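Enquirer: Chains as they are written, first to last, in the UniProt record's numbering: chain E, 1 to 404; chain H, 1 to 404.
No lab work stands behind these hints: they were computed from the structure. Hints are all accurate, no fakes.
Far from chain H, by Cβ distances over 12 Å, these chain E residues were calculated:
{"hint": "1", "residue": "3"}
{"hint": "2", "residue": "15"}
{"hint": "3", "residue": "17"}
{"hint": "4", "residue": "68"}
{"hint": "5", "residue": "84"}
{"hint": "6", "residue": "135"}
{"hint": "7", "residue": "136"}
{"hint": "8", "residue": "281"}
{"hint": "9", "residue": "283"}
{"hint": "10", "residue": "356"}
{"hint": "11", "residue": "404"}
Ranges of calculated distance between the beta carbons of each label pair, as one might list FRET restraints:
{"hint": "12", "chain 1": "E", "residue 1": "136", "chain 2": "H", "residue 2": "298", "range": "45 to 55 Å"}
{"hint": "13", "chain 1": "H", "residue 1": "299", "chain 2": "E", "residue 2": "370", "range": "25 to 35 Å"}
{"hint": "14", "chain 1": "E", "residue 1": "375", "chain 2": "H", "residue 2": "298", "range": "20 to 30 Å"}
{"hint": "15", "chain 1": "E", "residue 1": "187", "chain 2": "H", "residue 2": "298", "range": "22 to 32 Å"}
{"hint": "16", "chain 1": "E", "residue 1": "311", "chain 2": "H", "residue 2": "28", "range": "54 to 64 Å"}
A quick note: this is a predicted structure, and the numbers were derived from the prediction, not measured. Glycine is no exception: its CB is placed at the ideal position from the N, C-alpha and C atoms.
There are 2 protein chains.
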Amino acid sequence: MTAEATIARILAHPRFRDAVGVLAREHERIVADTIALTEIPAPPFAEERRAAAYLEMLRAHGLEEVEQDAIGNVMGRRRGSGNGSTVVVAAHLDTVFPAGTDTTVRREGNRLLAPGIGDDTRSLAVNLGFLRALDAAGIRTRADILVLGDVGEEGLGDLRGVRHFFTEGRHRHAVEAFFTVDSPEVDRIVTGGVGSKRYRVTFRAPGGHSYGAFGLVNPAYAMARAMLGLADLAAPRDPKTTHCASVLGGGTSVNAIPNAVWMEVDLRSADATELARLEREFLAGVEAAVAAENAARSTREGPVTVDCAVIGDRPAGHTPADAAIVRLATAAVASQGFSPTHEWSSTDANIPMSLGIPAIKIGSGGRGGRAHSLEEWIEVEPAECLRGMTASLATILAAAGMEE
Amino acid sequence: MTAEATIARILAHPRFRDAVGVLAREHERIVADTIALTEIPAPPFAEERRAAAYLEMLRAHGLEEVEQDAIGNVMGRRRGSGNGSTVVVAAHLDTVFPAGTDTTVRREGNRLLAPGIGDDTRSLAVNLGFLRALDAAGIRTRADILVLGDVGEEGLGDLRGVRHFFTEGRHRHAVEAFFTVDSPEVDRIVTGGVGSKRYRVTFRAPGGHSYGAFGLVNPAYAMARAMLGLADLAAPRDPKTTHCASVLGGGTSVNAIPNAVWMEVDLRSADATELARLEREFLAGVEAAVAAENAARSTREGPVTVDCAVIGDRPAGHTPADAAIVRLATAAVASQGFSPTHEWSSTDANIPMSLGIPAIKIGSGGRGGRAHSLEEWIEVEPAECLRGMTASLATILAAAGMEE
Chain E
1 MTAEATIARI
11 LAHPRFRDAV
21 GVLAREHERI
31 VADTIALTEI
41 PAPPFAEERR
51 AAAYLEMLRA
61 HGLEEVEQDA
71 IGNVMGRRRG
81 SGNGSTVVVA
91 AHLDTVFPAG
101 TDTTVRREGN
111 RLLAPGIGDD
121 TRSLAVNLGF
131 LRALDAAGIR
141 TRADILVLGD
151 VGEEGLGDLR
161 GVRHFFTEGR
171 HRHAVEAFFT
181 VDSPEVDRIV
191 TGGVGSKRYR
201 VTFRAPGGHS
211 YGAFGLVNPA
221 YAMARAMLGL
231 ADLAAPRDPK
241 TTHCASVLGG
251 GTSVNAIPNA
261 VWMEVDLRSA
271 DATELARLER
281 EFLAGVEAAV
291 AAENAARSTR
301 EGPVTVDCAV
311 IGDRPAGHTP
321 ADAAIVRLAT
331 AAVASQGFSP
341 THEWSSTDAN
351 IPMSLGIPAI
361 KIGSGGRGGR
371 AHSLEEWIEV
381 EPAECLRGMT
391 ASLATILAAA
401 GMEE
Chain H
1 MTAEATIARI
11 LAHPRFRDAV
21 GVLAREHERI
31 VADTIALTEI
41 PAPPFAEERR
51 AAAYLEMLRA
61 HGLEEVEQDA
71 IGNVMGRRRG
81 SGNGSTVVVA
91 AHLDTVFPAG
101 TDTTVRREGN
111 RLLAPGIGDD
121 TRSLAVNLGF
131 LRALDAAGIR
141 TRADILVLGD
151 VGEEGLGDLR
161 GVRHFFTEGR
171 HRHAVEAFFT
181 VDSPEVDRIV
191 TGGVGSKRYR
201 VTFRAPGGHS
211 YGAFGLVNPA
221 YAMARAMLGL
231 ADLAAPRDPK
241 TTHCASVLGG
251 GTSVNAIPNA
261 VWMEVDLRSA
271 DATELARLER
281 EFLAGVEAAV
291 AAENAARSTR
301 EGPVTVDCAV
311 IGDRPAGHTP
321 ADAAIVRLAT
331 AAVASQGFSP
341 THEWSSTDAN
351 IPMSLGIPAI
361 KIGSGGRGGR
371 AHSLEEWIEV
381 EPAECLRGMT
391 ASLATILAAA
401 GMEE
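Same shape as in the complex, but just chain E:
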């Protein structure tokens, strides 16, 4: 059966129609849950309060084995009829916003404004809505559905929640498919995980008075050489590979040779081999830059030394276009009148993709914008939301094997 046929059959099934009816009737309840969760701040590395609230919600929805793992993820299982093979439906608990950010939601008709509301708080609420719809409609699946609220998706969180889930979590060997429901839009299906490696590179030297100690090695010049070396590294268009010297600082006083300067560097590629090549060449370039500075000026007070600290490490990965979950998601999104595209991005799906586990990012329905800014918003026009949720729920059920 083609993916289109599978999706069409699900959409036409009376129990699925019942489930969609529940989602339609519960529109305002999903909005209320979205608001309630958004107003529990979840800054990077401080998701505890929201995690505790979500854990209680998972429990209230009658899931089995509701628990919090060692890194802070919360999850619960909706058992299928199969042998425990598991489809994960995840949304991330954390936001990019630091502690102290006002996350009070402002509602203007169908528009809701608050930091983190679309990325990714609404998805947490929608996944609960999916559970209620499945239960109310009496839908059973072959695979277990594991609903996951994970920590550390954003920035320096570095995917630590899902990384833990797949490296140490007790469910990791049972996962046959992974969906991260992340942000409202459903048309942009993320099937490629851009890998990234991030470094903070610190160049140290003795420093000294700019006039009195003139002639000593200057760590800023070593860094400048390393930057220009990075700028010159090959960056193929396909697989798309990029590099960037992004944030920098250091030095003591205008009249002193600095004793330390640093830069942050972002290396990315859609391909893991390419990313490893880029990283290798970058690090070799840093060493060469340090050696060049130590050769160019005096090291009588000591040489330039360098420390390369990894501050981010997201593996690259890809779920092929002919993988079942990609075909099913594409068919489901198209069935609801959207124009699906396959995109590359960096999401929780990077981790399972890098392990060869079928994984994609789907949407929570509706529209949104200005993510990662204080003006973040979502639009919850009921019919538009319902079309999006229908597409995502049909995709999940197709992957989990909805029973007739």
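Based on the hints, put chain H in the right spot on chain E.
Expert: Relative to the frame of chain E, chain H by itself:
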């Protein structure tokens, strides 16, 4: 008459011997004034309280025309028998220490510890001691002696007090010699003023997402090229010329091409022509670096632009070894058993030197160390202080023409 003979004649004069006797008897009073003035904080650009106190002290010492000028310098005149030709005896009011620094003086025998005590607060007190000694001994001079407490000698103060004095002050055309009494040591006579030009260079560009906007110009790479261009500029040993990229910063986030980065640069030379050459080449290098980055990557969202802001400008200058005040100071220092050297530095004397006015830095007597640190100290062993003060007072009197 040789400088040595002039100094010997002054040292042997009964009235000078009387003056030295006053300095000896008033040792503790000078120490007390040093402590009192040190404990009135005088941070950069906030010398008002100390200036007001010093103004009152100048008035109490019976000077004429005691006043504060528009920039904050305080001064008063001890009239000579001549036509108003003036010898300036200056010390700077400001310290490098920010507001809030504890300047309470700790005394351990002859050792006094406090931020700013040696650089340059003791000199303010010693200059008052000189006035009392001259008055008590009935010494007259040909030239007027103008005692000056000036602002803005340190750091970003950029010599603004003495610069104002020589560019707009009402005495500027009458000065025939300028002494800055700066720090205790008398053996190191500063006869050369190292010039410096300091820039804060800001490179701006549109910036953008490190992955999505890859290929756009990166202002950090323009800055890196400018740094390496600076590192390669000629820096002769004689006249000693130096350059340094010292403090830098910028960027928004590890995953963003920066939209602004900046660096501070210190350019110095003992020679004004050489400094001007260095500055010209540096600025040309910055322009070339920006052009190279705009040629190397895409400017479709906008090019890298650059702003070079002057944050420091101290003119170079030199009082020749055969100038009278250099020969007199050298002879006076040697006469007290020290080994005089002629040094280059950056002091208040830079300004008159750059104008061709005879100017040197002399000492307040005693020893000191750890200037510009919170552990700054001076040693006020009475005999050592007296030898130093005797050398400096004899120099001043020789320059001002002590009447027989």
